[in-house]
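The hints should help you fit chain B onto chain A, whose structure is shown.
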Amino acid sequence: MRLIRAVGNWFDQRLQLSSPIRETMEHQIPRETSSWFYVFGSAALTVLALQLVTGILLALIYVPSAGEAWNSLQVLNHQVTLGWFIRAVHGWGSNFMLAIVLIHMVQVFLFGAYKFPRELTWILGVCLLLMTLGMAFTGQVLRFDQDAYWGLGIGASICSRVPILGPWLVQLMLGGPIIAGATLSRFFALHVFVIPGLLIGFVGLHLLLVLKLGINEWPMPGRVVRRSDYMAKYHELTHTDGVPFWPYGIWKDAIFSGAILLCIAACALYFGPFGPSGQPDPRIIQTVPRPDYFFLWLYALLSLLPPAMETPVLLIGPAIALVVLLALPFFSGEGEKSWKRRPIAVLTILLSAVTLGTFTNLADHAPWSPMMDASTAAAIPAKYLTGRTPVEIQGALVFQSKQCHNCHSLGDIGGKRGPALDAVAVRLTPDQLVRQVLQGGGNMPAYGKNLNPAETTALVAFLETLHPSAQSPARDASLTAGIEP
Amino acid sequence: MSDVTRRQAVLKIAMLFNGVVGFLLAIPIVGYLFSPVNRGRKNGYASWVSLGSVDEFPAGQTRLATFRNPISTATDGETADLPCWVRNVDGSRFQVFAINCAHLGCPVRWFPQSQLFMCPCHGGVYYADGSRASGPPERGLFEYAFRVAGGKLQIRAGELPTPGIAANKTLIQIERTPPCA
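Protein chains in written order, with this note's numbering: chain A, 786 to 1270; chain B, 31 to 211.
Derived by calculation from the structure, the hints in this document are not laboratory data. Zero decoy hints are in this set.
Here are the simulated distance ranges between beta carbons: (1) B/Phe64 - A/Ala1162: 43 to 53 Å; (2) A/Leu867 - B/Asp159: 48 to 58 Å; (3) B/Leu41 - A/Leu800: 27 to 37 Å; (4) B/Ser77 - A/Ala1138: 48 to 58 Å.
Far from chain B, some chain A residues (derived; all Cβ distances over 12 Å): (5) Met786; (6) Thr923; (7) Val1009; (8) Leu1047; (9) Arg1220; (10) Gln1256.
Virtual Cβ for every residue (Gly too), placed ideally from N, Cα, C.
Isolated chain B (complex conformation):
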């Protein structure tokens, strides 16, 4: 009898030992798996990137600009080279729109003749100021915060803009520095 309980006790200790080891191992594994989320929360993904000289964006026009995503790795290839639409409203005020449609992220195209952005996927259309004109999007185009520093137009970018709530609040915000900057 005592032999059986001893066996059972030893087995329980063995299982407990394995449970503890498993838990200890799970910590780094879970940390590794969730690292994309963690990094996003701690320091944020967004930082200022240059789109080039302000002179490349003439007043009254909307032009395509590209930038290398501030966070990228050696295996990203061309996928880290991102486009965006820069609208120079009146020579001193800018609007920088994400390429991604606010509906499901397809690349919107600018049509200067009709002053509209059109999306090739589900037919979303936006006016020149990025506000929604028609189609399935529930809101206007995403905008990057911008500033002009040393004659360069800079935007605060780093994360794929999506219709998610937190992304709108923390990462893509309309924040215009004064035109004299």
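Just chain A, with the same shape it has in the complex:
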């Protein structure tokens, strides 16, 4: 024991770090801030450390070459002892990281912590959010599989829409004319050197500001922030009703961070690593590329926006969002901090959460994508086929072989791109059905060139049978016997 102390003293005599560290750890914080609401920032820092360690461990095996990356992931998954586990922890760590960062941001927003004098802390935080998203996207690329390959194509297509500079941005992003070796190498450099370097620097500044300016006090309705007297009031608060961070605040941070690490490890153990899916061979086109979970909302947005609005929304939307986030502490730098007195702030959070949640949920089902194998893999329910005439059965065959099933469902089986056809005969008369099939419209291709008259007749005869037994099919009222000329 004495020896350890002696060695410690020897180092401290030279480094002289122990007293500044002790001062930092024991700095005064307002009593109410030793709260379970104040643990997300430190949890994000802990997960960052976990990502750094597991990232370095993966880099021991991973080969950042377009020709070899996928194979090296297979080696990690199947050959290297516990390689699958390290991959799983890194993958789940990234999911938890994004979730914690978002929760941290919501908490900071609702508690008014971005207000004077913590504007710069918020701005650095916004930069950190962008970097975290950047790490998520580049990380998805390093898992160099089919999703990564086609995801890069989507990224390039979005870049190409930038006016004038677009095509050059694409070449810069890809590192050449196509998605290939140079592309993976530069995403590796971004994911492993550039963004983590910036991330560590920005996290350092972010933390420094938290220490210099003090942690945000617990917001009380009516305790209004004013630039003129805030500093004095905060100083008074921390010194009349303050406690040292160590040990009053830190134990909650430590327990929460530990719990998060345990959750990540448990998810990694139970669910295993993410992918890789199929080989990144562009010749394998039997693929249905999907983005990772945290970009599903964007996938939904890109499918649901009207085509003409897509480019403006894609290019201007993020810029507006960024400006709003960065400018927030300047147009709302003073005033009430408590969310109880800031209904618009609460509504903004609720609206954003519902929007993101809805888009993510929609993208999970992707009703806008045709079911690519429905014509061979999705059956027509037997109830739509029993007791039908030969022509109607022939029509069902046309329905199946002409890929109608890829976009239209019957009995909830098949694509959801177009409307379900279980009761189509109630909605459209035979003439309207013929017109719709041959001319298309309303987002349906025209089949006029691809169906002969016999096929059209059969198909419409089949569609005419699709109505509930208690409801008769639609009829053209002008053609009823009474008024027919």
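What follows is chain B alone, placed relative to chain A:
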């Protein structure tokens, strides 16, 4: 006093010297970073590549063909092996479509029964001649210029087709050589 100004002068010279050195170093660094763009502008990425014998593409059919991208490196692996759709319109006229959907670049699949290209991502659909049928794409499929030389079908390829304006104008253009070629 004169000593202070001398110090300041020396410091200024030192900073100027470092500025000049930094600028000189920045030239090759920026040149290196932007090399993908430069190369594209000077000589262009596109060149003629063969898709195989014309006989492999029967009249009236649309078939998948593959080619090695004309510009590729040793580390590209399979990513430089690119597919495309070849439509032999009537035995002498061809259309060669990029695999990439004109919306966001996902691989479109050909369905011969319904004579449609469908995209698995956001639901873009195209007719047999590549024109837009439905969904989010704002235009038809990208087409490669083609020619027939020595019984081989060749296309002018080399760059990922994207909806960007310049790419459409300079690299992917509909340019059909006469059928007797």
